[in-house]
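Number of protein chains: 2
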Amino acid sequence: VPRSVDVADLVERAQAGQPRAVARLISLVEDASPQLRKVAEALAPHTGRAQVVGLTGPPGVGKSTSTSALVSAYRRQGKRVGVLAVDPSSPFSGGALLGDRVRMQEHATDDQVFIRSMATRGHLGGLAWATPQALRVLDAAGCDVVLIETVGVGQSEIEVVSLADTTIVLLAPGMGDGIQAAKAGILEVADVFVVNKADRDGADATERDLKYMISLGRRERTDVLWRPPIVKTVASKGQGLDEVVEAAESHRSWMVDHGELERRRQRRAEAEIEAISVERLRTQLGDVRGGEALDRLAKRVVAGQLDPYTAADELIEDLHAGA
Amino acid sequence: VPRSVDVADLVERAQAGQPRAVARLISLVEDASPQLRKVAEALAPHTGRAQVVGLTGPPGVGKSTSTSALVSAYRRQGKRVGVLAVDPSSPFSGGALLGDRVRMQEHATDDQVFIRSMATRGHLGGLAWATPQALRVLDAAGCDVVLIETVGVGQSEIEVVSLADTTIVLLAPGMGDGIQAAKAGILEVADVFVVNKADRDGADATERDLKYMISLGRRERTDVLWRPPIVKTVASKGQGLDEVVEAAESHRSWMVDHGELERRRQRRAEAEIEAISVERLRTQLGDVRGGEALDRLAKRVVAGQLDPYTAADELIEDLHAGA
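Residue numbers (my numbering), protein chains in the order written: chain A, 186 to 508; chain B, 186 to 508.
Each hint should be verified, as a subset may be incorrect.
With a straight-line Cα cutoff of 30 Å, these simulated DSSO-like cross-link-like pairs (lysine-lysine) come out [unchecked claim]:
#1 A:Lys264 x B:Lys484
#2 B:Lys396 x B:Lys417
#3 B:Lys223 x A:Lys484
#4 A:Lys396 x A:Lys422
#5 A:Lys422 x A:Lys264
#6 B:Lys264 x B:Lys422
#7 A:Lys417 x A:Lys264
#8 B:Lys264 x B:Lys223
#9 A:Lys223 x A:Lys264
#10 A:Lys484 x B:Lys264
#11 A:Lys223 x B:Lys484
#12 B:Lys264 x B:Lys417
What follows is a list of derived Cβ distance ranges for each label pair [said to hold, decoys possible]:
#13 A:Ser249 x B:Arg261: 42 to 52 Å
#14 B:Asp472 x A:Gly444: 21 to 31 Å
#15 A:Pro230 x B:Arg474: 17 to 27 Å
#16 B:Arg385 x A:Arg234: 54 to 64 Å
#17 B:Gly475 x A:Glu431: 39 to 49 Å
Negatives, chain A to chain B, calculated, CB over 10 Å [said to hold, decoys possible]:
#18 Gly245
#19 Thr294
#20 Asp296
#21 Asp329
#22 Asp384
#23 Ala388
#24 Arg393
#25 Val419
#26 Ser438
#27 Asp442
To be clear, the hints were calculated from the coordinates, so they are not data collected in a lab.
For each residue, glycine too, the CB sits at the ideal point set by N, CA and C.
The shape of chain A in the complex, shown without the other chains (with noise of 0.2 Å):
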């Protein structure tokens, strides 16, 4: 990266919807160059409009066929869309495996859709911190809704999908997966459930599933109000689509009315801020007395003459005298 890009001219070529500067900005931030505080300040004016969507679910639901078929769906109500297709399990970013262009062939000559792969490159905490950051990149461009679609169902997959506005999770007939789903913590994160694959034999009985477990989780959670629809798709067909689009608007619209949007926003820039500063503490931790503080306390817990919770005593004291 050159010295001199020209971070102001290109947010504005971003605000304008120019696909090459959305992509060169994502790519700025996530490889967390010299120049991403200057993007940050740059977006930050023009950040708060776009309507975060996350979409999560196990292997084999559909969730890339959805994402397509939902993109489709708020394109044929003229929203300009962003697409984030975030893979924990990859060390693979941008659009190499399984490439953009790939995922989302039909959209690939949409200039009203954005559509970037995020992936670990080898750091899990990489992604919690990259991910909020080109969401704010498609924010800015104008994108007035967001799709996060994650792959897998793990810790870290929540973790991601807590950044959206409204959660759709995925489900199909005949997989068990609610049980999966329910393992991993996924079914309280959802605002909005999808069975996907509703043609297939048992979509009822994985419906019928739903709104017992559904059920069982509002009785420990009586503060809680909004109650998850369900939705039946045929995401490879396009059927469903407009109405899961409606269940979202819905959410949004009672997230509104009960001052729950401005509380996700404020617990997300929370998780951000808190993001941003345990990476830089991270760094700051590993430089104290320029590098050697924390090479000789692990010598000492080696060695047995110190346990490590008394080790990081000493070296977060050393990291704030030194501050």
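Following the hints, put chain B in place on chain A, whose structure we already have.
Quick look at chain B alone, frame taken from chain A:
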């Protein structure tokens, strides 16, 4: 947990190999109890002796069966064995789901075998933080070998496996799992490869693929002198496990001769101190100005008045100033 727990007494009884004392100590470190510091201090002088062996691999290769058979192999040598079964995707800890007794029934009555299930308890950082402490307990309890078995093959599994002196990666014929494992970066962490279910068709092909992938990896890493051996097993019939033990022993000898064991343990201690420090700093961040600093900064970020990086700067400055 009553405050009156006698940590010194617990550690003494754990050193004598009393299973209940071992279980109690692991619970104390896992729950981050107020006694955690005392426990860590009391354990420190008694640690560093156990050989730590990690087992990982894609689902379906027979990890649980292999772990159990490997325990038997070490028991035939008269060694005391600890097992930490780590599942980053499960919210259940202790002996709850797939309880310890079910997993390892044949060792349930052996007083020289300590088995413990570890899970995230809904907090991803928790495992990285609790697992080394549990390992320390088993080490102090006189385990000659501690096996760390992980369930999946994601980034978090790799982080957990990095606690090991020697990492065993399991594969099985005909699953295309070599490619999966390569994608997850798991081949790079392997010190020993095991092709389990070697009585099935395709075992030779899997071995051939592995050899090819190892040769590719070596081309890029000429500094690495250890060539991971490939051992074939049929864990369900107890076949080949003595050879796995031998391979792990060879790797250990090689590490000792080349100073690699010391380097790994140093890196491990550094990572441990860092993880504890980061957790503590995360708490401190939330407490800056009685918890109001983060709240106020987040409000300004939501309003687009501030970017999250500048917010993080202000928060960290406040943190150091208040410490």
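Taking the hints in turn, this is what the structure says about them:
1. Under the criterion of a C-alpha separation no larger than 30 Å, the hint pairing Lys264 of chain A with Lys484 of chain B is consistent with the structure, at around 28 Å.
2. The straight-line distance between the Cα atoms of Lys396 of chain B and Lys417 of chain B is roughly 13 Å, inside the 30 Å bound, and the hint therefore holds.
3. For a cut-off of 30 Å, the pair hint linking Lys223 of chain B to Lys484 of chain A stands: about 20 Å separates their Cα positions.
4. With a C-alpha separation of about 25 Å, the suggested pairing of Lys396 of chain A with Lys422 of chain A holds against the 30 Å cut-off.
5. Taking the CA atoms of Lys422 of chain A and Lys264 of chain A, the gap is about 21 Å. The hint holds against a cut of 30 Å.
6. Simply put, Lys264 of chain B and Lys422 of chain B have alpha-carbon atoms about 21 Å apart, close enough for the 30 Å limit, and the pair holds.
7. Between Lys417 of chain A and Lys264 of chain A the CA atoms are separated by roughly 23 Å; this keeps the pair inside 30 Å, and the hint holds.
8. For the hint linking Lys264 of chain B to Lys223 of chain B, the alpha-carbon distance of about 28 Å falls within 30 Å, and the restraint holds.
9. Taking the CA atoms of Lys223 of chain A and Lys264 of chain A, the gap is near 28 Å; set against the 30 Å cutoff, the hint holds.
10. Restraint check for Lys484 of chain A and Lys264 of chain B: the C-alpha separation of about 28 Å stays at or below 30 Å, so the hint holds.
11. For the suggested pair Lys223 of chain A and Lys484 of chain B, the alpha carbons sit about 20 Å apart, so the restraint of at most 30 Å is met.
12. Restraint check for Lys264 of chain B and Lys417 of chain B: the C-alpha separation of about 23 Å stays at or below 30 Å, so the hint holds.
13. For the pair Ser249 of chain A and Arg261 of chain B, the supplied restraint of 42 to 52 Å holds, since their beta-carbon distance comes to about 49 Å.
14. For the pair Asp472 of chain B and Gly444 of chain A, the supplied restraint of 21 to 31 Å holds, since their beta-carbon distance comes to about 26 Å.
15. Distance hint for Pro230 of chain A and Arg474 of chain B: a CB-CB separation of about 26 Å, consistent with the stated range 17 to 27 Å.
16. A beta carbon spacing of about 56 Å between Arg385 of chain B and Arg234 of chain A agrees with the range 54 to 64 Å that was offered as a hint.
17. Range check, Gly475 of chain B to Glu431 of chain A: Cβ separation about 43 Å, and the 39 to 49 Å hint holds.
18. Even its closest Cβ contact with chain B, about 14 Å, leaves Gly245 of chain A beyond 10 Å, as expected for a residue assigned away from the interface.
19. Distance check for Thr294 of chain A against chain B: the nearest CB is about 30 Å away, which clears 10 Å, and the non-interface claim stands.
20. Look at Asp296 of chain A: its CB is around 26 Å from the nearest CB on chain B, clear of 10 Å, so calling it non-interface holds up.
21. At roughly 17 Å, the least C-beta separation between Asp329 of chain A and chain B is larger than 10 Å, which holds for a residue marked as non-interface.
22. No Cβ of chain B approaches the Cβ of Asp384 of chain A within 10 Å, the least distance being about 29 Å, so the stated non-interface status holds.
23. For Ala388 of chain A, the shortest C-beta to C-beta distance to chain B comes to about 26 Å, beyond the 10 Å cut-off, and the non-interface label holds.
24. Residue-level check passed: Arg393 of chain A sits 25 Å from the nearest beta carbon of chain B, beyond 10 Å.
25. Listed as outside the interface, Val419 of chain A is consistent with that label: its C-beta sits roughly 29 Å from the nearest C-beta of chain B, beyond the 10 Å cut-off.
26. Chain B leaves Ser438 of chain A outside its interface by the beta-carbon criterion, the shortest separation being 19 Å against a cut-off of 10 Å.
27. Every Cβ of chain B is farther than 10 Å from the Cβ of Asp442 of chain A; the closest lies at roughly 18 Å, confirming the non-interface assignment.
Checked against the numbered hints above, the structure breaks none of them.
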